[in-house]
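Protein chains: 2
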Amino acid sequence: MARVVVDVMPKAEILDPQGQAIVGALGRLGFAGVADVRQGKRFELEVDDAVSDTDLERIAEDLLTNTVIENFTVSRAAE
Amino acid sequence: MARVVVDVMPKAEILDPQGQAIVGALGRLGFAGVADVRQGKRFELEVDDAVSDTDLERIAEDLLTNTVIENFTVSRAAE
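Chains A and B, in that order, are what the protein sequence lines are. For the first sequence, the positions run 7 to 85 when the working numbering is used. For the second sequence, the positions run 7 to 85 when the working numbering is used.
Check each hint, because a few of them may be wrong.
As the list claims (entries may be wrong) - Think about it this way: if two alpha-carbon atoms lie no more than 25 Å apart in a straight line, the pair counts; the simulated BS3-like pairs of lysine-lysine are: (1) B:K47 x A:K17; (2) A:K47 x A:K17; (3) B:K47 x A:K47; (4) B:K17 x A:K47; (5) B:K17 x B:K47.
As the list claims (entries may be wrong) - Some chain B residues judged to face chain A by a derived CB distance under 8 Å, without partners named: (6) K17; (7) L21; (8) A56; (9) E76; (10) F78; (11) V80.
The hints are simulated quantities; they were obtained by calculation from the structure and are not laboratory data. From the three backbone atoms N, C-alpha and C, an ideal C-beta is built for every residue, glycine too.
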């Protein structure tokens with residue numbers, strides 16, 4: 007078994023209201039110095055070693071990501 | 007400015023219905039070999055270099071994580 011991490015983040019040109027809400031809350035709570043926050047998703051998959059990188063890309067692209075508004079990265083975690 | 011990544015994942019003992027739904031969907035779509043999926047959140051923060059690690063821990067713990075059900079990790083991304 008291998009641990010695979012898929013990170014899905016909104017594209018740079020997409021507004022991220024959740025992230026902006028966090029920036030606003032940080033200011034109100036007295037945390038200065040945070041210029042921008044973007045919120046995305048992190049998936050941790052436990053996969054058989056037989057699952058190929060191609061399959062992982064397809065899983066990430068077809069099922070986990072809305073490719074119109076999000077980018078994804080797939081990485082196999084070091085054991 | 008520095009890029010900081012905060013990963014927030016459900017604790018191991020917490021049920022993750024979103025992740026289980028993905029496991030089920032993968033099976034129906036014909037992707038074999040994925041034993042488990044857990045879904046969490048990824049935050050990318052742009053912070054001034056003056057913001058301390060202590061502040062970042064407090065931001066992650068107090069604002070970004072529900073520590074009853076979630077764990078978090080803070081990492082400064084390599085430039």
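Are there hints from earlier that the structure breaks, and if so, what are their numbers? 6, 7, 9, 10, 11
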